[in-house]
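Participant: Residue strings, one per chain:
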Amino acid sequence: MSLSLRVSRLTIHALAECDKDPNPLRCDMAKGRIVAGCIAPHPPHLVYAENPDQNEPTSEGGWEQLRWGYERLRESLSEIEHDVIVILSPHWQTYVGTHFLGLENFQSLSVDPVFPNLFRYHYDLNIDVELAKQIHDNAEKAGLVVKMMENPDFRVDYGTITTGHLFNPKWDKPLVVISSNRSTDYYSAEVMQEMMIELGRITRETIEESGKKAIILASNSLSHRHFTTESEIPEDMSKEHIASHAMHLWDMRIIDYIRSGQTQRILDEMPEFIEQAIAESDGGGLSWLISALDTPDYPAILHGYGTIIGTGNAVVEWPCYKHEEDSQ
Amino acid sequence: MSDGEIIGSYIVPVHPHTYLVPEQNPGWTKLREAFDEAALRIKNSEADLLIIYSTTWPSIIGHQIQADPNPEWVMVDHDFHDLGSIPYSFNIDSEFANAWNEANHQRGLKSRTVNYHGFPIDVGSVVALKLLNPDNSIPAVIVSSNVYANRSETSVMAKACLDVVHSTGRKAIAITAMSLSNRMFTENIDPADDKIHSLKDDEWNCKILELMEKGRLEDVGQLSRTIQKQIRVRKVVAFKPMWWLSAINDNRNDLTGEVLAYEAIHGAGAAVIHLDPASCGTGDKEYDEDDVEYFYGDRSVLDSNDSETTIIDEEIETIDEITTAEENGPALWEPTTADGSVNTDSAPKPVGAYPHARRVGDLLYLSGVGPRQAVTNSIPGGPIHDEDGEPLDYDIKAQTQAVIDNIALILEEAGSSLDQVIDVTTFLVDMKRDFQGYNEVWAETLGKIGPTRTTLAIRALPTPIAVEMKVIAQFLE
Numbered sequence: 000m001s002l003s004l005r006v007s008r009l010t011i012h013a014l015a016e017c018d019k020d021p022n023p024l025r026c027d028m029a030k031g032r033i034v035a036g037c038i039a040p041h042p043p044h045l046v047y048a049e050n051p052d053q054n055e056p057t058s059e060g061g062w063e064q065l066r067w068g069y070e071r072l073r074e075s076l077s078e079i080e081h082d083v084i085v086i087l088s089p090h091w092q093t094y095v096g097t098h099f100l101g102l103e104n105f106q107s108l109s110v111d112p113v114f115p116n117l118f119r120y121h122y123d124l125n126i127d128v129e130l131a132k133q134i135h136d137n138a139e140k141a142g143l144v145v146k147m148m149e150n151p152d153f154r155v156d157y158g159t160i161t162t163g164h165l166f167n168p169k170w171d172k173p174l175v176v177i178s179s180n181r182s183t184d185y186y187s188a189e190v191m192q193e194m195m196i197e198l199g200r201i202t203r204e205t206i207e208e209s210g211k212k213a214i215i216l217a218s219n220s221l222s223h224r225h226f227t228t229e230s231e232i233p234e235d236m237s238k239e240h241i242a243s244h245a246m247h248l249w250d251m252r253i254i255d256y257i258r259s260g261q262t263q264r265i266l267d268e269m270p271e272f273i274e275q276a277i278a279e280s281d282g283g284g285l286s287w288l289i290s291a292l293d294t295p296d297y298p299a300i301l302h303g304y305g306t307i308i309g310t311g312n313a314v315v316e317w318p319c320y321k322h323e324e325d326s327q
Numbered sequence: 000m001s002d003g004e005i006i007g008s009y010i011v012p013v014h015p016h017t018y019l020v021p022e023q024n025p026g027w028t029k030l031r032e033a034f035d036e037a038a039l040r041i042k043n044s045e046a047d048l049l050i051i052y053s054t055t056w057p058s059i060i061g062h063q064i065q066a067d068p069n070p071e072w073v074m075v076d077h078d079f080h081d082l083g084s085i086p087y088s089f090n091i092d093s094e095f096a097n098a099w100n101e102a103n104h105q106r107g108l109k110s111r112t113v114n115y116h117g118f119p120i121d122v123g124s125v126v127a128l129k130l131l132n133p134d135n136s137i138p139a140v141i142v143s144s145n146v147y148a149n150r151s152e153t154s155v156m157a158k159a160c161l162d163v164v165h166s167t168g169r170k171a172i173a174i175t176a177m178s179l180s181n182r183m184f185t186e187n188i189d190p191a192d193d194k195i196h197s198l199k200d201d202e203w204n205c206k207i208l209e210l211m212e213k214g215r216l217e218d219v220g221q222l223s224r225t226i227q228k229q230i231r232v233r234k235v236v237a238f239k240p241m242w243w244l245s246a247i248n249d250n251r252n253d254l255t256g257e258v259l260a261y262e263a264i265h266g267a268g269a270a271v272i273h274l275d276p277a278s279c280g281t282g283d284k285e286y287d288e289d290d291v292e293y294f295y296g297d298r299s300v301l302d303s304n305d306s307e308t309t310i311i312d313e314e315i316e317t318i319d320e321i322t323t324a325e326e327n328g329p330a331l332w333e334p335t336t337a338d339g340s341v342n343t344d345s346a347p348k349p350v351g352a353y354p355h356a357r358r359v360g361d362l363l364y365l366s367g368v369g370p371r372q373a374v375t376n377s378i379p380g381g382p383i384h385d386e387d388g389e390p391l392d393y394d395i396k397a398q399t400q401a402v403i404d405n406i407a408l409i410l411e412e413a414g415s416s417l418d419q420v421i422d423v424t425t426f427l428v429d430m431k432r433d434f435q436g437y438n439e440v441w442a443e444t445l446g447k448i449g450p451t452r453t454t455l456a457i458r459a460l461p462t463p464i465a466v467e468m469k470v471i472a473q474f475l476e
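Chains W and R supply the protein sequences, listed in that same order.
The first sequence: position 154 = 153 (numbering that gives the first Met the number 0), numbered continuously.
The second sequence: position 314 = 313 (numbering that gives the first Met the number 0), numbered continuously.
Worth double-checking, as some hints may not be accurate.
No farther apart than 20 Å at their CA atoms in a straight line, the calculated lysine to any residue pairs in the SDA-like style are these [unchecked claim]:
hint : chain 1 : residue 1 : chain 2 : residue 2
1    : W       : Lys146    : R       : Val20
2    : R       : Lys469    : R       : Pro390
3    : W       : Lys132    : R       : Asp81
4    : W       : Lys238    : W       : Tyr304
Listed next, the stretches of chain R that the computed footprint assigns to chain W, with coverage defined by at least 3 CB atoms under 8 Å from CB atoms of chain W [stated by the list, open to error]:
hint : stretch
5    : 156-168
6    : 183-193
7    : 356-365
Quick partial rundown of chain W residues pointing at chain R, CB under 7 Å, derived from the structure [as the list claims (entries may be wrong)]:
hint : residue
8    : Val113
9    : Pro115
10   : Asp152
11   : Phe153
12   : Asp184
13   : Tyr185
14   : Ser187
15   : Val190
16   : Ile232
17   : Asp293
18   : Tyr297
19   : Ile300
20   : Leu301
By construction, these hints were calculated from the structure, which means they are not laboratory data.
Note that the coordinates shown come from a computational prediction; the quantities given were computed from them, not determined experimentally.
Built from N, CA and C at the ideal position, the CB exists for glycine as well.
Build the full structure now, drawing on both the sequences and the hints.
Facilitator: Right under this line is the structure:
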């Protein structure tokens, strides 16, 4: 059975369940929803710069523009009720399908293999296994290759930890953590996008089925050309800038689409963006996010933009809750 | 202390199946048996150090070298976590790691050691060390695979390692943790159904193994870019380990190779190969790429004052000092000034009574131009011998570029330019060694302009340089 056919049946199934309930209000109240969707970059430098108790290295600050962006994002969402945070991280790279963390709690030390001098973070996070399993099961029914990760020795990737900390430093909401399937590498950006658009749709519909309110996060940067040297003081901001003018142009192009509600154009131009800006969206997060938000045509809020070792990073919020209120 | 050496090399697969579940597939069992055989050979050798280059440890800021003397943790594979966990406790030679790091810097490379509790040692290194050195009796060192590194950087990094092997008198085994074809099945499979992902991948793997059986390691290194295009999923690294392994084996093509096993792991090409340094008697390299000794690549992207640039500058200063001290060569002359002569202070002074160039009609005839610098008389890339005539290592590409830069200066003084060059005669003092590097610089410079060219091998030039060019250019007002 084709992916699209299976997904359509899922949708029909959900609608049919709602139709059975004679009370439309109750049915509506039981329906879960995505209350916000965000691009939330994960370079460990941002956590390093904040000096939280959980992180072993200490710094003199740095990358304030992005950290202030995260502050504005947290402030913007502080009054928005939500039950769960769903993250897709490009640093849990899987080649055999898409995987989901499948145990209720993970505690360990996360050491960034690339920047161990900046990020050695003691984490303790909870997983909404029920929702993760539901997304897993629905994705499997739709024909996607999926697997639950149930090994208690597994160390959660640093991208998830970094994004999780910056988005919710209290760690008081359960997560659903989705791996990054490397189908761009194995096939093409187009194949990756086809799969991630399906996974995004399934994520949205499963959240609706679950009755939960979710914030979804694509943990990725925009342009992704690193510097290959590190300054003596990593947080020396006099050394920080975009890797090249071409990368800047691509970042501004994507941000312009984000701010003007043209997410379909982002999807349309994704292969070129990935190739020319070496974009981290090759991991599927941005395509998954846009699809899960049902390809929004309303402007997103740009809370911040900045570079980290030459890569372009934006903190972005699609305020679904507000858009729904405005539409009513 | 006696000179150290590489006493053997191994290529081993990276996935955890051979350690955790070899019994689930006959091919995985064969690979495990090959691992065990390799471990036995290493144990029975004189090896006192294992050097691992792992493709499953990517890095960005140069190369990273593990220096924690006793890293301990439990490794779980990101993909195959359902196969189980691998607790590890390794014996790392941190002294060697630090010396290698310093040797990298001496050769112009960016690298650093890592020594942090809980650092996640990659799956390829964990599997290799658990199976090849199960009792930790031999200390090891592990180096990352840099995402941006090219052939020269990877090769120079291997040579820096070899410097330390020699200077510390180690008997070392070099190991690359890698797949051949690395395309896995993207679906879960029954272990019994495992096979190489495609016939094409299998054919390329067999070609690699055929070369390895003949000990032709450098040839595989030369084919790395082709292999990468043909049978490698991009992931985060290219097919670099053969560059590293060949360089650490002195770019040899006559090793004694033996394929202990070749099987599939979830579709990827997995082989255990032993390369013994004993010569198998086959021929030398069939062709050659530039053999770089120092890395001058662009890693100083932050500014021009960082430590890396300083290191390279120090090396160049040393070379300059040697050159400056070598004043017993031919005396320098003021250029002659007959009608039509063209001379410039921007070009090096002649070593005889002649001008830099002379104009006749619409043509400019240049005297032989070398790489010496105008004011300092220094030689970019270094002189080819010292005051006593003892050969020195030098960079032919840097010398060739300096020659072309000098030609451009003379032509500009005459009102002409490099793109008006119509004929060049080049003199090389070591055609076998230098033609490749000279030719590469030519291709990127004058080769794009298109003058006719003749390249001659000669015994010597008046100054300690390796290349000189005689040029005829047009003069179009």
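Participant: Look at each hint and say if it fits the structure.
Facilitator: How the hints compare with the structure:
1. Lys146/W to Val20/R: The hint holds at about 19 Å.
2. Lys469/R to Pro390/R: 25 Å, violated
3. Lys132/W to Asp81/R: 16 Å, holds
4. Lys238/W to Tyr304/W: At roughly 17 Å apart (the allowed maximum being 20 Å), Tyr304/W and Lys238/W satisfy the hint.
5. 156-168: Violated: only 0 residues of the stretch 156-168 of chain R have a Cβ under 8 Å from chain W.
6. 183-193: holds (count 5)
7. 356-365: Since three or more residues must qualify, the claim that chain W covers the stretch 356-365 of chain R is violated, with 0 doing so at under 8 Å.
8. Val113: Cβ of Val113/W sits 5 Å from chain R, so the hint holds.
9. Pro115: 5 Å, holds
10. Asp152: 4 Å, holds
11. Phe153: Constraint on Phe153/W satisfied, holds at 5 Å.
12. Asp184: 5 Å, holds
13. Tyr185: Holds, about 5 Å.
14. Ser187: With a minimum Cβ separation of about 11 Å from chain R (threshold 7 Å), the hint on Ser187/W is violated.
15. Val190: 10 Å, violated
16. Ile232: It is violated, given that the least Cβ distance between Ile232/W and chain R is near 11 Å, above 7 Å.
17. Asp293: 27 Å, violated
18. Tyr297: Status violated, d = 35 Å.
19. Ile300: 31 Å, violated
20. Leu301: 27 Å, violated
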